[in-house]
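J.: This is what each chain is made of:
Number of protein chains: 2
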Amino acid sequence: MKVTPYEVKGEVNYLKLVKEFGLSLMDEKLKRKLKGIRLVELGFFFAHRDLDKIIDEDFAIVSGRGPSKEIHIGHLLLFRLVKEFQNKFNSYVFIPFSDDEKFLVKDLSLEEARRYAFENAKDILALGFKKKRTEIMIDSYDLKQDVYNLAIKASKKLTMSTIKAIYGFKNEQNVGIHFYPCMQAAHILYPTLKRDLPVLVPIGIDQDPHMRATRDVAERLGLRKPASIECKFLPSLSGEEKMSASKEDAIFLSDDEETIRKKIHDAFTGGRDTLEEQRKLGGKPEICPIFKYHQLVVGSDFKLIEEECRSGGRVCGDCKEELCRALIRMLKEHRKRREKIKVEDFLV
Amino acid sequence: MKVTPYEVKGEVNYLKLVKEFGLSLMDEKLKRKLKGIRLVELGFFFAHRDLDKIIDEDFAIVSGRGPSKEIHIGHLLLFRLVKEFQNKFNSYVFIPFSDDEKFLVKDLSLEEARRYAFENAKDILALGFKKKRTEIMIDSYDLKQDVYNLAIKASKKLTMSTIKAIYGFKNEQNVGIHFYPCMQAAHILYPTLKRDLPVLVPIGIDQDPHMRATRDVAERLGLRKPASIECKFLPSLSGEEKMSASKEDAIFLSDDEETIRKKIHDAFTGGRDTLEEQRKLGGKPEICPIFKYHQLVVGSDFKLIEEECRSGGRVCGDCKEELCRALIRMLKEHRKRREKIKVEDFLV
Chain A
1 MKVTPYEVKG EVNYLKLVKE FGLSLMDEKL KRKLKGIRLV ELGFFFAHRD
51 LDKIIDEDFA IVSGRGPSKE IHIGHLLLFR LVKEFQNKFN SYVFIPFSDD
101 EKFLVKDLSL EEARRYAFEN AKDILALGFK KKRTEIMIDS YDLKQDVYNL
151 AIKASKKLTM STIKAIYGFK NEQNVGIHFY PCMQAAHILY PTLKRDLPVL
201 VPIGIDQDPH MRATRDVAER LGLRKPASIE CKFLPSLSGE EKMSASKEDA
251 IFLSDDEETI RKKIHDAFTG GRDTLEEQRK LGGKPEICPI FKYHQLVVGS
301 DFKLIEEECR SGGRVCGDCK EELCRALIRM LKEHRKRREK IKVEDFLV
Chain B
349 MKVTPYEVKG EVNYLKLVKE FGLSLMDEKL KRKLKGIRLV ELGFFFAHRD
399 LDKIIDEDFA IVSGRGPSKE IHIGHLLLFR LVKEFQNKFN SYVFIPFSDD
449 EKFLVKDLSL EEARRYAFEN AKDILALGFK KKRTEIMIDS YDLKQDVYNL
499 AIKASKKLTM STIKAIYGFK NEQNVGIHFY PCMQAAHILY PTLKRDLPVL
549 VPIGIDQDPH MRATRDVAER LGLRKPASIE CKFLPSLSGE EKMSASKEDA
599 IFLSDDEETI RKKIHDAFTG GRDTLEEQRK LGGKPEICPI FKYHQLVVGS
649 DFKLIEEECR SGGRVCGDCK EELCRALIRM LKEHRKRREK IKVEDFLV
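Keeping their order, the protein sequence lines are chains A and B.
Following this note's numbering, the residues of the first sequence are numbered contiguously, the last one being 348.
Following this note's numbering, the residues of the second sequence are numbered contiguously, the last one being 696.
Just chain A, same shape as in the assembly (with noise of 0.2 Å):
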């Protein structure tokens, strides 16, 4: 297993990870404060590092996104946490858009990356976030003085060593990459800045080691560290542990109708090679992405689901079939939302 903010290869073991990353599973004290969202009922985000410590106050979410690329399922899941959480707890809301960092790591030209994140902005946006309560930034377009006030100060605090040695840049790359964690530091620490707010950052659990680098430039600037939430992969189409915007087997917002059920059809499941076999041995949910994405569209009862897959009574092609529905009219309603949506509203 190899799980860095960079790569993610072999079998995840999760359990280990939390260890090694010193992170803590989400109890059961956490959960009841947590009831309703969906994705944590799910056991989707299921390991936390201070969340405990920040659940009774007001705190921010800081949820940002790297803009080279339309966004697919996977990103809209992990805003639709955010969005929850919102509404739960009525959290201010900071989602800063790096299109500097994707111009940097990327081939593409820094108004392509800006045209991207005004594009998923709109994406995201249009899951409802409360416009009193949602800030955006695009670090391109709208950087915000402090925001570069607090990149240069963390600046001062981390030794091109300590970067070296939690990113593992080499000489040869480029100067800017070496300064963004800099700038996704100051993203994080935003709001505990400005607005004296504790934050909370929902993650994947790849991105962690960004997690403790920030944590560390937060003591070493007064500040109080930011508190995370993180989740584990969501599997690709074709059955490969992390879904990757890269790739063609992940489904894009923009997908149409015959694009998802195209998608969705060559999909690796956990079924069985016939239907007879199927119908005796049942499917294997545990290693099957239309289960997962089921789980999370679908919105059905998924124990039930497990049950009727397990025990041969359930198809690939009934879960796939509800998937395609579930998704096509989810996509529907979301392009209507979407289409009312003023990124502006939100560039404080």
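Derived pair list, reagent style DMTMM-like, types lysine to aspartate or glutamate, alpha-carbon separation capped at 25 Å: (1) B:505 x A:107; (2) A:342 x B:494; (3) A:170 x B:520.
Please keep in mind that the hints were generated in silico from the structure rather than gathered at the bench.
Guided by the hints, dock chain B onto chain A, whose structure is given.
T.: Okay, now just chain B, sitting in the frame of chain A:
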């Protein structure tokens, strides 16, 4: 001899530096075009790169300031050159204050560096820059999005290896220092990007490596390479090669009459040990900082002064007294003009 942006040591051989750095000496044709610009006529600004290529066009001047202290006479003389250029060519002048960099390299807070930026700006603007043709920027106070974006673009063109080779930074130093050259390149290239003007940068010859890096970046960004006009060092009052703001032997704009008299009185000169010897052998103006300041500040016929000194007809006390009077008068007038400056008027 050692001349780097961070250290000047030994006796400086300027002709050797010109050759090493690939600069050109100011020729007669160029000197004619710069007639009336005192620091050029005195041979203080003596070398350049590509100035001949832009001198007949509309060009901008970028002259920054790293504000970690009060400014001294040497700084003021540099900006007087910029002012003379603006008078003669009606050039657009951009003065960026890199308080962020000073914060990163010095033991002071960002807020302290910013305070120096405002104070220094008052002193510089008191020289009488034209409001409509002059713009300042304080990095930690009103960083322009265009400048940040340009820095990010520059940072994609510079590998960490290149930065380390040019600036000699070590991994034990902070990340921010490594990124700053990108900001500096952005400062210099901003008028080219924003106003499509070629840029002239007046600098001390020890800062030439920065120019070479920026010219390289400009080319790679498809922007016109900036030209430079480069000056010799202004000696310190104790006779060292380069006046330094961190030493006690520079004259600061805030020095009172008594302090100036004492500093000048105590200054090293090219005079002989006794009055008798001076009358007999004459002084050595070529090693005399007082002679240099006399040239620059008093403004009388320096050929005559030099003759008088060499022939023994003039003693150090004469020069010192004339310099004191001129300095005190100059600073008195400067302070009057300074009081009327509103820095905000120049923050566009």
